[in-house]
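A.B. asks: Work out the full structure: start from the sequences and follow the hints.
Chains as they are written, first to last, in the working numbering: chain A, 142 to 348; chain B, 142 to 348; chain C, 142 to 348; chain D, 142 to 348.
Note that these hints are calculated values from the structure, not bench results.
Here the structure is a predicted model, which means the values were calculated and not measured.
Check the hints yourself; a few may be wrong.
[Unchecked claim] Listed below are the simulated SDA-like cross-link pairs for lysine to any residue, each with C-alpha atoms no more than 25 Å apart in a straight line:
{"no.": "1", "chain 1": "B", "residue 1": "K271", "chain 2": "B", "residue 2": "F319"}
{"no.": "2", "chain 1": "B", "residue 1": "K153", "chain 2": "C", "residue 2": "E272"}
{"no.": "3", "chain 1": "C", "residue 1": "K204", "chain 2": "C", "residue 2": "E238"}
{"no.": "4", "chain 1": "B", "residue 1": "K282", "chain 2": "B", "residue 2": "Q314"}
{"no.": "5", "chain 1": "B", "residue 1": "K147", "chain 2": "B", "residue 2": "A173"}
{"no.": "6", "chain 1": "B", "residue 1": "K147", "chain 2": "C", "residue 2": "K179"}
{"no.": "7", "chain 1": "B", "residue 1": "K175", "chain 2": "C", "residue 2": "T187"}
{"no.": "8", "chain 1": "B", "residue 1": "K337", "chain 2": "D", "residue 2": "Q162"}
{"no.": "9", "chain 1": "A", "residue 1": "K175", "chain 2": "D", "residue 2": "K315"}
[As the list claims (entries may be wrong)] Here are the computed distance ranges between Cβ atoms for each label pair:
{"no.": "10", "chain 1": "A", "residue 1": "M142", "chain 2": "B", "residue 2": "G157", "range": "13 to 23 Å"}
{"no.": "11", "chain 1": "A", "residue 1": "D247", "chain 2": "B", "residue 2": "S348", "range": "18 to 28 Å"}
{"no.": "12", "chain 1": "A", "residue 1": "M142", "chain 2": "C", "residue 2": "D247", "range": "54 to 64 Å"}
{"no.": "13", "chain 1": "D", "residue 1": "K337", "chain 2": "B", "residue 2": "G157", "range": "21 to 31 Å"}
{"no.": "14", "chain 1": "C", "residue 1": "P156", "chain 2": "D", "residue 2": "D336", "range": "16 to 26 Å"}
{"no.": "15", "chain 1": "C", "residue 1": "Q196", "chain 2": "B", "residue 2": "T177", "range": "47 to 57 Å"}
{"no.": "16", "chain 1": "A", "residue 1": "P156", "chain 2": "D", "residue 2": "E338", "range": "37 to 47 Å"}
{"no.": "17", "chain 1": "C", "residue 1": "M142", "chain 2": "D", "residue 2": "K153", "range": "52 to 62 Å"}
{"no.": "18", "chain 1": "D", "residue 1": "S260", "chain 2": "A", "residue 2": "P258", "range": "34 to 44 Å"}
{"no.": "19", "chain 1": "C", "residue 1": "Y334", "chain 2": "B", "residue 2": "P160", "range": "26 to 36 Å"}
Glycine is no exception: its CB is placed at the ideal position from the N, C-alpha and C atoms.
Number of protein chains: 4
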Amino acid sequence: MNNQDKIIEIFKKMPGIGPRQAKRMVYYLLSAPKDTLKKLAELVGTIQDDILTCQMCFRYFSKSQIKNGDDSICSICRNPNRKKDTMMIVARDADYESIEKSGVFDGVYFVLGGTIPFSSKNAEETVRIKELLNILNIRLKEGLSEIIFALNATPEGEHTTNIVELRLKEKIQKPIRFSKLGRGFSTGTEVEYSDKETLKNAISSRS
Amino acid sequence: MNNQDKIIEIFKKMPGIGPRQAKRMVYYLLSAPKDTLKKLAELVGTIQDDILTCQMCFRYFSKSQIKNGDDSICSICRNPNRKKDTMMIVARDADYESIEKSGVFDGVYFVLGGTIPFSSKNAEETVRIKELLNILNIRLKEGLSEIIFALNATPEGEHTTNIVELRLKEKIQKPIRFSKLGRGFSTGTEVEYSDKETLKNAISSRS
Amino acid sequence: MNNQDKIIEIFKKMPGIGPRQAKRMVYYLLSAPKDTLKKLAELVGTIQDDILTCQMCFRYFSKSQIKNGDDSICSICRNPNRKKDTMMIVARDADYESIEKSGVFDGVYFVLGGTIPFSSKNAEETVRIKELLNILNIRLKEGLSEIIFALNATPEGEHTTNIVELRLKEKIQKPIRFSKLGRGFSTGTEVEYSDKETLKNAISSRS
Amino acid sequence: MNNQDKIIEIFKKMPGIGPRQAKRMVYYLLSAPKDTLKKLAELVGTIQDDILTCQMCFRYFSKSQIKNGDDSICSICRNPNRKKDTMMIVARDADYESIEKSGVFDGVYFVLGGTIPFSSKNAEETVRIKELLNILNIRLKEGLSEIIFALNATPEGEHTTNIVELRLKEKIQKPIRFSKLGRGFSTGTEVEYSDKETLKNAISSRS
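C.D. replies: See the structure below:
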């Protein structure tokens, strides 16, 4: 396998990149200016150096956001204006980013790192359940009173919610609220083309 | 304009039919068996004869559904098992049919006959507001206590809900509940790709 | 089955119309003005009355195009400016119409009435082979020297060309030219995404 | 701009990569194993080292293909079995690769490095016209007798063909053949939906 094929193999591992697209990217690299290549190589090699994983919510964050002191906790988790009584559980970084961008949530997050496939025998290996259970006591001391599951409205998302909720309930003694994102009509949904599940949810969650 | 062009003109008025599709349909007619044409002509000419508009909910229904007695009221409105305390307002027949099919609603309906465009100066002319106000007293005597707006989660759907709700509130003295289909994640919605409105609704309607 | 369902069944037989579209068309009919329905019924019932099939090329044409005399021959076949030395064989009326619209052909046509499926055991029953053989002598007397096959560049199109060409060659004694539409790059074709067949044809037909 | 944003900027320059896809790729990098990152960085930094540009056809090729001797000429150009009498001009590497894969051409290539936009005032700056004129004498001595333009069947492709052909004709004294990929029906083209240009080409290139 020559070097081009080796890069193609790595590009193909990225989500959303197929063999044809991987090849087009390699062609770009072949004809790119030398210093673009040098810069890209350097950035790829060091991207994780600048990135830390928050030891509370497990989202990625940039070292540069931390001015002094402890660098194990991210800017959201150390922000005194964020409400510590509500923790939202999401699958991936892209999910909490979408919610942050919308500005509709001011609690804290926990990033599971993925969803649990139906075929998975060991949920702990596919998502951060152990890590979630570990930080739970700290969150409870901070006044945690509600955990919101914000996973995709897909079978795997619901499966993941169910399993993680079960594990949390086994561990938590205090009475705290467990909730899920509301179901109903999302923007643009049309009555005529809605599935039974959505119609049922939209009627029972009418307001 | 020859006869083919005349048929094409009528076909083009049907929703979802463009000029090319209209032409393909005419070609079908040109080569169809004589008795298919005869049957189709007869059915088209008489389709409205068999169809009545319910004078309570204004949905279309077939005369054949009515065995005896008054034929101005449809089978849903005269069904003693349907709960008369809840009336769902929909834009079109296809909408209530979708809800009936899902089996998640056992109240009665009112079919507006469309939605109100933003540009419309006279809402009464585009949808059945007068008819709705007319039947209101009967529904109230039957025990109506909630009106659910089940319009598409689109700007025109919400606009229509707002205007019709206003007209109803001007008229109704009794305290009855006005509700709308719940907003949130519909089946398949993904957190990463959700718009702000949907995220906001899904968080505030969490359960 | 009620009348609505009967119309839906007929609409569904039309090319390009599925069950959902058929239903939308019926809803249109239910709410259409009475006289639109009456006009449509009349047109559907009489559309074939006004239409003749040309006994030379078998395309449909309107009686109204024929001012006087024999109404068995269409305006293209009786047009003295059309070159009778070239006959183009097409599958359907929509095909010759597309070619007429482009204005790039001034010979005469023959409409097969369809293509021959690979599964068909009796080609004569699916397309107008007998009719084609019947009119051949007249065309030859008129000076026919070339037959162009203008079928889709699909397996079934090529299969049809092959079978019809074979039948014609069995019958025709005179040396006449048999040709097919040229293969190569159609408008918009890109080198990178072309299949082997198209590249091969484009190179061998380079000019 | 932090390092993630810097990588996103570079990814966005690649053909077919938008901002969302660029971000997904960065998330992949953030969670990828350290040694994958190291390998990718190394490959990106050195990909051009292994790659040479053939001084005859200007396609990219891998050093590893050249066992000994001169490394300025690629394996196709030095292959004695390739016919030197026909040179095919393509826009990009991906184009000649598609043709090589199809196995329908055994001459030599010249890669222009792109197409000439209609807005371009200086064609020489956008594609390798000078380089093409430079190698021409060598090709002519090798017996070049035909130049095939194999550009996309798009306005910009034809524009590029026209300009490059003009430049070549100004320079070449000998009578050589200039040809273009044949136009007509590509695989799957349907008569009914063909544009005028394609129908015209398909009729005039009939065979």
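A.B. asks: Please go over all the hints and tell whether each is borne out by the structure.
C.D. replies: For each hint, the structure was consulted:
no.: 1; hint: B:K271 x B:F319; result: holds, 18 Å
no.: 2; hint: B:K153 x C:E272; result: violated, 34 Å
no.: 3; hint: C:K204 x C:E238; result: holds, 18 Å
no.: 4; hint: B:K282 x B:Q314; result: holds, 13 Å
no.: 5; hint: B:K147 x B:A173; result: holds, 18 Å
no.: 6; hint: B:K147 x C:K179; result: holds, 13 Å
no.: 7; hint: B:K175 x C:T187; result: holds, 10 Å
no.: 8; hint: B:K337 x D:Q162; result: holds, 20 Å
no.: 9; hint: A:K175 x D:K315; result: violated, 40 Å
no.: 10; hint: A:M142 x B:G157: 13 to 23 Å; result: violated, 51 Å
no.: 11; hint: A:D247 x B:S348: 18 to 28 Å; result: holds, 20 Å
no.: 12; hint: A:M142 x C:D247: 54 to 64 Å; result: holds, 58 Å
no.: 13; hint: D:K337 x B:G157: 21 to 31 Å; result: holds, 28 Å
no.: 14; hint: C:P156 x D:D336: 16 to 26 Å; result: holds, 22 Å
no.: 15; hint: C:Q196 x B:T177: 47 to 57 Å; result: violated, 24 Å
no.: 16; hint: A:P156 x D:E338: 37 to 47 Å; result: holds, 40 Å
no.: 17; hint: C:M142 x D:K153: 52 to 62 Å; result: holds, 58 Å
no.: 18; hint: D:S260 x A:P258: 34 to 44 Å; result: violated, 51 Å
no.: 19; hint: C:Y334 x B:P160: 26 to 36 Å; result: holds, 30 Å
Hints 2, 9, 10, 15 and 18 from the earlier list are contradicted by this structure; the remaining hints agree with it.
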